[in-house]
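There are 2 protein chains.
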Amino acid sequence: MRLSRYFLPVTKDAPADAAIASHKLMLRTGMVRQNGAGIYSWLPMGFRVLKKIEQIVREEMDRAGAVEMLMPTLQQADLWRESGRYEAYGKEMLRIQDRHERDMLYGPTNEELVTDVFRSYVKSYKQLPLVLYHQQWKFRDEVRPRFGVMRGREFLMKDAYSFDLTEEDARVSYRKMFCAYLNAFGRMGLTAVPMRADTGPIGGDMSHEFIILADTGESAVFCDKALLDMPAPGLDLDFDGDLTAEVEKRTQYYAATEEMHDADAFAALPADRQVSARGIEVGHIFNFGTKYSVPMNAVVQTTDGQMVPVQMGSYGIGVSRLVGGIIEACHDENGIVWPESVAPWQVGLINMRVGDAACDAVCERIYQALQAAGREVLYDDTDERAGGKFARMDLIGLPWQTTVGPRGVADGKVEVKNRKTGEKHEVSIEDMLNQLDAQK
Amino acid sequence: MRLSRYFLPVTKDAPADAAIASHKLMLRTGMVRQNGAGIYSWLPMGFRVLKKIEQIVREEMDRAGAVEMLMPTLQQADLWRESGRYEAYGKEMLRIQDRHERDMLYGPTNEELVTDVFRSYVKSYKQLPLVLYHQQWKFRDEVRPRFGVMRGREFLMKDAYSFDLTEEDARVSYRKMFCAYLNAFGRMGLTAVPMRADTGPIGGDMSHEFIILADTGESAVFCDKALLDMPAPGLDLDFDGDLTAEVEKRTQYYAATEEMHDADAFAALPADRQVSARGIEVGHIFNFGTKYSVPMNAVVQTTDGQMVPVQMGSYGIGVSRLVGGIIEACHDENGIVWPESVAPWQVGLINMRVGDAACDAVCERIYQALQAAGREVLYDDTDERAGGKFARMDLIGLPWQTTVGPRGVADGKVEVKNRKTGEKHEVSIEDMLNQLDAQK
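Chains as they are written, first to last, in the numbering used here: chain A, 1 to 440; chain B, 1 to 440.
Please keep in mind that the hints were generated in silico from the structure rather than gathered at the bench. All figures in this text were calculated on a predicted structure; none of them were measured in a lab. One or more hints might be untrue.
Identical copies carry no separate label here, and so any pair may be met within one copy or between two of them.
What the hints assert, rightly or not - DSSO-like cross-link-like pairs, simulated, lysine-lysine; straight-line CA separation at most 27 angstroms: (1) Lys126 / Lys12; (2) Lys126 / Lys389; (3) Lys389 / Lys413; (4) Lys389 / Lys12; (5) Lys389 / Lys51; (6) Lys420 / Lys225; (7) Lys24 / Lys417; (8) Lys123 / Lys24; (9) Lys249 / Lys225; (10) Lys417 / Lys12; (11) Lys123 / Lys389; (12) Lys12 / Lys123; (13) Lys413 / Lys440; (14) Lys413 / Lys424; (15) Lys417 / Lys389; (16) Lys51 / Lys417; (17) Lys420 / Lys51; (18) Lys389 / Lys24.
Take the sequences, apply the hints, and build the full model.
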């Protein structure tokens, strides 16, 4: 992408009401613009990151055998009356009447709707297990939306729903999602710690939150340091195999949010393993059995002909919140430091002297070669001063910067900088082009 | 995808209230499920097609230089009061109050919101031209939603907005979108005819609808047959060049919707070129100058330091409607006949005798080889009868069917069928695998 043709409205200062690093940086880099309390437009660069995260979540859900669909944003109130949650949900639910005065709502979550889809089609144990998921905008009418996309009102959530014949099968589905979550967050460069959690308004008897540690986290969390050092299960995990050991490898260690915290159990840990920190919830999974299938009569036939309510679970990831969460975990005093997997582009190409025939020609060759080799490149071909270009490129945090200036070009060289480490080295232009050519 | 692990709820009959072919077929093939009047869940196969169309639209917008972003579904009423459309829009606008009794609405279109984004950042002619677009769910509270996704209330629209310094520049942007639309529809296997159109509530002095012909179309259309025989401009079109000729090549011919119809001009055409038909609107583009920029004070500085209101246009494509539109144009008595570019999978692989070791092994090899060669495959590995499998595969309309049965396997052969032509031929298994291997 040529910056001269792009829309990247970087600003010098963040508004005073942006309290945390991610919110400030997302406003300064022109990733989002607020359109109302807790409601944001995703400007082009922000949109690219959001799509990257969405795609990683998709790939890890698919790998775990979940099937993607898309439910609408607006739902009928009557479905929520069936489950009993219409009145119970309170003011966070945005209630709407259409022109015929039918009661509707903007979905804050989808247990009722997906249960309705399920009961319309699935009648037999033969069609199980089934995990359906979607990535759709949700609305929760928070009293005080804050921290930018971290606690917005309109937000993008991935929510998956599992359907199983037996309680034990439901636990198998739960473990698949548990592992898929660790892999998804791992691919985003995050260490997410599964913590025993309260089930809240979703209900159920088993629940874990996935928490990333950050000083600006909204809640206090407590865990064993061993969990922070443990890598994700890995993309070669066999999701058809028994994942019990993979889950218990983690749940054996202490980890809990404030509301589930057991101070005595935590104090019993060796002192050097006691991690007491702030955390951001990026995922939450629930096993709630027949909480919805019983009132909504979602039943399936068993092998011996009985009709039984289906066992369910639900599994959420805060896709838009993750954009903020990743920035909280990945920034320094100069700006964002994107992990490669979610960076809007992998490479920033800086032309220090646009209009200089030699610089322009080298940039053009490198730009084409990078793209031909499958790299995503933002080419700063604007006629601004070099100093401003460097600062902006650091601010938006692409993992690699390639700088082309007149002196280097005269020597056949360009400079490559690693944004994270700050390391710079000179590279021969011909070597770089040859290497890229070999990667086509 | 293995069908045994997928969710494809095909049904024998369509509900009686489904009046047109696409609605019937989308319900029978389990592509969508209605969740309320004009509100649908996109079940997994429907979702795949929707994503294919969205991606084609994205690629053609990007090729024409437009930049993708994402605006929220909910908007503040105050923005619409600025433009004067809040009261004017009528009952099709879904009006909402949040918990603080602030007036909001579910966006039926985004001229106001994008103009607000624009005026917040862009101050100079140097930042122009600019075309921003997004693909987001919209809501229009139709009195009588009907024809399935063709006239739903919650629907997915791609809407682009152009910003230019002068009227002539705005026409340049208009022509780019005009050509990009023809390319996008062409890639979907559709012949879309641009027709002079009324500008309606969007306003402006220049507008074209893009219409595909179908017997079930909602409006009468009239055009010169020459337009139906004209291919799209082509993906190698130079969008930086002058596109006037490319546009006029089409606008020189008569084409108009009912409301713009000039019976005398139409009658003057040679009889064999008079096409009078029904049509489905799949796109609509508008050049409306300063209709929004003046009341909303979206001004930019000119080269000589003056501040002038920016020239705008908007460009819509009915992404979810297109799923129905394509089926209207592409089906036969046995079901859907997908164009390859939007098919949910390119190949359907039928195992006639699941459990037969030889059939299973051949299917598995072909399934793996097809995927390794980059083909999307739906593998019917269910234990149903062959007759039902054939009928279902015809119904869902994948372009190619590969059938593996015990007799063929004994001869080292499988059958390949073209869904559109019905042509079948036997292919040697080894030849097929070798060919696929070469395409890796």
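The hints, checked one at a time:
1. Lys126 / Lys12: Intra 60 angstroms, inter 19 angstroms, cutoff 27 angstroms: inter-copy only.
2. Lys126 / Lys389: between (60 angstroms within a copy, 17 angstroms between copies)
3. Lys389 / Lys413: For lysine 389 and lysine 413, the Cα distance is within 27 angstroms only inside one copy (19 angstroms; across copies 62 angstroms).
4. Lys389 / Lys12: The answer is within: 13 angstroms in one copy meets 27 angstroms, while 62 angstroms across copies does not.
5. Lys389 / Lys51: Close inside one copy (26 angstroms), not across copies (36 angstroms); limit 27 angstroms.
6. Lys420 / Lys225: within (24 angstroms within a copy, 61 angstroms between copies)
7. Lys24 / Lys417: Within. Shortest intra-copy distance 25 angstroms satisfies the 27 angstroms Cα cut-off; inter-copy 58 angstroms does not.
8. Lys123 / Lys24: Answer is between: at 22 angstroms across copies they meet the 27 angstroms cutoff, but 51 angstroms inside does not.
9. Lys249 / Lys225: The answer is within: 13 angstroms in one copy meets 27 angstroms, while 69 angstroms across copies does not.
10. Lys417 / Lys12: For lysine 417 and lysine 12, only the intra-copy Cα distance (23 angstroms) is at most 27 angstroms; the inter-copy one is 61 angstroms.
11. Lys123 / Lys389: between (61 angstroms within a copy, 20 angstroms between copies)
12. Lys12 / Lys123: Answer is between: at 16 angstroms across copies they meet the 27 angstroms cutoff, but 59 angstroms inside does not.
13. Lys413 / Lys440: So lysine 413 and lysine 440 pass the 27 angstroms test inside one copy only (22 angstroms; across, 36 angstroms).
14. Lys413 / Lys424: Within one copy, since 13 angstroms is at most 27 angstroms while 59 angstroms is not.
15. Lys417 / Lys389: Close inside one copy (14 angstroms), not across copies (57 angstroms); limit 27 angstroms.
16. Lys51 / Lys417: Within one copy, since 26 angstroms is at most 27 angstroms while 37 angstroms is not.
17. Lys420 / Lys51: Classified as within: same-chain Cα gap 22 angstroms, cross-chain 35 angstroms, threshold 27 angstroms.
18. Lys389 / Lys24: within (20 angstroms within a copy, 56 angstroms between copies)
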